[in-house]
Amino acid sequence: MPRMILSGSVRERVGGLGTIEVEGATVAAAVQSLEAAYPALRGWIVDERGALRRHVKLFVRGEAIALDAPAAPADKIHIVAAISGG
Amino acid sequence: MTELLVGTKKGLMVLRGSSRTFEIAGRAFAGETVEFATRDRRSGRYFAAVTHGQFGPHLFYADDPTKDWKQAEGPAFPPAANAAVERIWVVEPGVGDGVLWCGVAPAALFRSSDGGKSWALVEGLWNVPERSKWEPGAGGLCLHSICPWPGEEKRLAVGISSAGVWLSEDAGRTWRRSVAGLVPRYLPEEARKDTHAYCVHNMHRAPRQPHTLYMQFHGGVYRSDNGGESWNDIGSDRGLPSDFGFPLVIDPHDPDRAYIIPLKADADRVTPDGCVRVYETCDRGNSWVACADGLPRSQAYLTVLRQAFCSDGGKPLGLYFGATSGEVFGSVDGGRTWSTVAERLPPVASVRCGVS
Chain A
1 MPRMILSGSV RERVGGLGTI EVEGATVAAA VQSLEAAYPA LRGWIVDERG ALRRHVKLFV
61 RGEAIALDAP AAPADKIHIV AAISGG
Chain B
1 MTELLVGTKK GLMVLRGSSR TFEIAGRAFA GETVEFATRD RRSGRYFAAV THGQFGPHLF
61 YADDPTKDWK QAEGPAFPPA ANAAVERIWV VEPGVGDGVL WCGVAPAALF RSSDGGKSWA
121 LVEGLWNVPE RSKWEPGAGG LCLHSICPWP GEEKRLAVGI SSAGVWLSED AGRTWRRSVA
181 GLVPRYLPEE ARKDTHAYCV HNMHRAPRQP HTLYMQFHGG VYRSDNGGES WNDIGSDRGL
241 PSDFGFPLVI DPHDPDRAYI IPLKADADRV TPDGCVRVYE TCDRGNSWVA CADGLPRSQA
301 YLTVLRQAFC SDGGKPLGLY FGATSGEVFG SVDGGRTWST VAERLPPVAS VRCGVS
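Here the protein sequences come in this chain order: A and B.
The numbering of the first sequence is this note's numbering, which starts it at 1 and goes up by one.
The numbering of the second sequence is this note's numbering, which starts it at 1 and goes up by one.
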């Protein structure tokens, strides 16, 4: 199963867990699986339309990927807050 | 003891104290923007509207603002709306048991019937045919003012920037716009007749006389004597240095008394003449007088945002407001004298009195 790698604020939302195994053949399905297991993350990574939040990036093997990208069982999907703010 | 909930660009500051001496009793949501925080005095429950820079807007509730906050279920649009909440502007206790209202951007109203734990879109307002013609103001297309009618659960008025005043008499099922008397001076005269761009900045209802409402408009101060059906100019040539601004408070004990904090103009949103002044009317807006004793009188160019002014509801009336420069000012005598109750805070977005 793919693994979601959490840091910062989203990691705090799940009690400090840094790695969470999820189900899903796409990145979007993996995020849905994560939200289902941890409702505290609902609305944090994707909005209520299912769109990735503008300042959130997802990386697999060092590359930024879209929600509709495939997720392989060995993938580690990093959830990264974009460098922004003030 | 008075408790102030101060929403700032870097967290919620819970100030507790009395008269002129306040201390920061707690800080929540460190590093995140707290757009608005309030307390439902019926249940004692606190609410905080938090916008995370990366992870979006979320509403939280707590029984103690200095301890654990829980995330509410919503407000969030249903799939059919094809929209996402951009910012949570206001939470307002309703009339019915456990009923609260929440205003967001893009302009929409949500209702809770379980004390604020979960929220549902008010479809009637979302689906008004005129919505396609609504345009945002500088702060976005936002529903920021919610005025329940004390004792009448089904009657409601909301203010939208910049889509005017909307009234419902059936608990939000149907709505009608109510802008008679408002003059959108920011438009050419020939464009005003058919416009939908009525930029309401703030609106409150007098709880002791619910057919009386006051409004700060984008250039203009108004009062309604008929529940928001029509509006009368109370800002022109009546002693105000400017009729532009955002903050507005009504004395809950006296419908003839209201307070505003004028800013110089839409192109220069600071206190006029470098002087911080709250203006009070005791005669329904027929005249305004400055309340400035104890406030900075020179070289003070402050910006006070829409939700950053409140009363404590007491007698005499306590008044509190915060500025984007990080000061919070307070008066315990209805505005006659003021003191600085906090300073060097992050930019202040909202001030509400939790306990008084």
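Hints are computed from structural coordinates only; laboratory data are not their basis.
Even for Gly, the Cβ is constructed at its ideal location relative to N, Cα and C.
Treat the hints with care, since some could be wrong.
As the list claims (entries may be wrong) - Not the full set, but computed from the structure, chain A residues with beta-carbon under 10 Å of chain B: (1) Ala37; (2) Gly43; (3) Ile65; (4) Leu67.
To be verified - Every beta carbon over 10 Å from chain A, so not counted as near; a handful from chain B, in silico: (5) Arg16; (6) Val85; (7) Asp114; (8) Val289.
Hint-by-hint comparison with the structure:
1. Ala37: violated (16 Å)
2. Gly43: holds (6 Å)
3. Ile65: Status violated, d = 17 Å.
4. Leu67: Violated - the Cβ of Leu67(A) stays beyond 10 Å from chain B, reaching only about 14 Å at its closest.
5. Arg16: holds (26 Å)
6. Val85: Contrary to the label, Val85(B) does not stay out of reach of chain A, its closest Cβ about 7 Å off (not over 10 Å).
7. Asp114: The claim holds: Asp114(B) sits with its nearest Cβ about 16 Å from chain A, beyond 10 Å.
8. Val289: About 38 Å separates Val289(B) from the closest Cβ of chain A, which puts it past 10 Å; holds.
Of the hints listed earlier, those the structure fails to meet are numbers 1, 3, 4, 6, in rising order.
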